[in-house]
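Starting from the given sequences, assemble the full structure and let the hints guide the process.
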Amino acid sequence: MKLLVIEDEKELSDSICVYLNSEQFACEAAYDYPTALEKVVINEYACIILDITLPRGSGLDILKELKTFNKSDGVLIISAKNSLDDRITGLNTGADDYLTKPFHLAELGARVAAIVRRKSFDGNTRVSVGPLTLDLSDRVLKSGEQPIALTKKEYELLLYFLSNKNRVVTKEAIVEHLWGDDIDMSDSYDFIYSHIKNLRKKLMNAGCNDYIKAVYGMGYKFSLD
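First residue of the sequence shown: 1, per UniProt numbering; consecutive thereafter.
Since the hints were derived computationally from the structure, they do not count as laboratory data.
For each residue, glycine too, the CB sits at the ideal point set by N, CA and C.
A hint or two may mislead.
[Said to hold, decoys possible] Here are the in silico distance ranges between beta carbons for each label pair:
| hint | residue 1 | residue 2 | range |
| --- | --- | --- | --- |
| 1 | E9 | N70 | 24 to 32 Å |
| 2 | K67 | E145 | 25 to 33 Å |
| 3 | G207 | S15 | 28 to 36 Å |
| 4 | G130 | G217 | 23 to 31 Å |
| 5 | R167 | E11 | 17 to 25 Å |
Right under this line is the structure:
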């Protein structure tokens with residue numbers, strides 16, 4: 001699932017992105033207020049990691065813009081400011097959580113995962129996929145106790161479909177959510193068909209119905225009904 005890291009310290013931002021990419025997320029980065037604002041207005045993210053103090057603007061204004069545009073992206077504030085007022089202001093403005101610098105990347109990852117679960121899966125750590133179970137903590141799809149081997153992109157694709165179950169998602173939305181800023185590197189959507197075909201085959205071989213339906217001229221729908 002796609003995340004946005006808004007942090008002006010490039011070294012810290014890069015470290016966060018590398019870690020979260022290893023945790024099955026796709027990260028984009030913004031290092032200043034104008035770039036961040038453009039991204040949050042145009043795109044949707046499972047979670048935004050947001051520094052309050054930014055070049056040419058404030059992270060709190062980003063929160064206000066999210067509210068203005070009725071965006072439902074999760075937000076985790078990270079800031080060196082360790083005052084109660086900043087924390088309360090951020091949470092009251094719409095942030096889901098607050099983490100003070102310095103922090104361990106593992107804690108950041110755990111808090112991001114918790115926000116994603118609350119936003120997309122009602123806080124559950126396990127999600128049913130027909131007769132199968134997707135364990136969000138271990139990031140493993142299981143049939144009983146038997147894990148089903150998925151590639152990183154197949155896992156991300158399944159997670160994205162489940163967070164949008166019974167809704168049509170376009171090919172463009174799938175690419176953007178799974179590849180983020182790398183979307184321009186692709187000349188076609190052939191790789192989407194390949195990933196969907198492989199995921200569909202693995203689910204059906206594990207005893208699932210064919211949940212992934214192509215919607216002509218629009219995209220795909222993951223229907224558990």
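Status of each hint after checking the structure:
Between E9 and N70 the C-beta distance comes to about 30 Å, which sits within the given range of 24 to 32 Å. The hint said 25 to 33 Å for the Cβ distance between K67 and E145, and at roughly 43 Å that hint is violated. A beta carbon spacing of about 41 Å between G207 and S15 contradicts the range 28 to 36 Å that was offered as a hint. For the pair G130 and G217, the supplied restraint of 23 to 31 Å holds, since their beta-carbon distance comes to about 27 Å.
Restraint check, R167 to E11: a C-beta distance of roughly 38 Å breaks the suggested window 17 to 25 Å.
Of the numbered hints stated above, those contradicted by the structure are hints 2, 3, 5, listed in ascending order.
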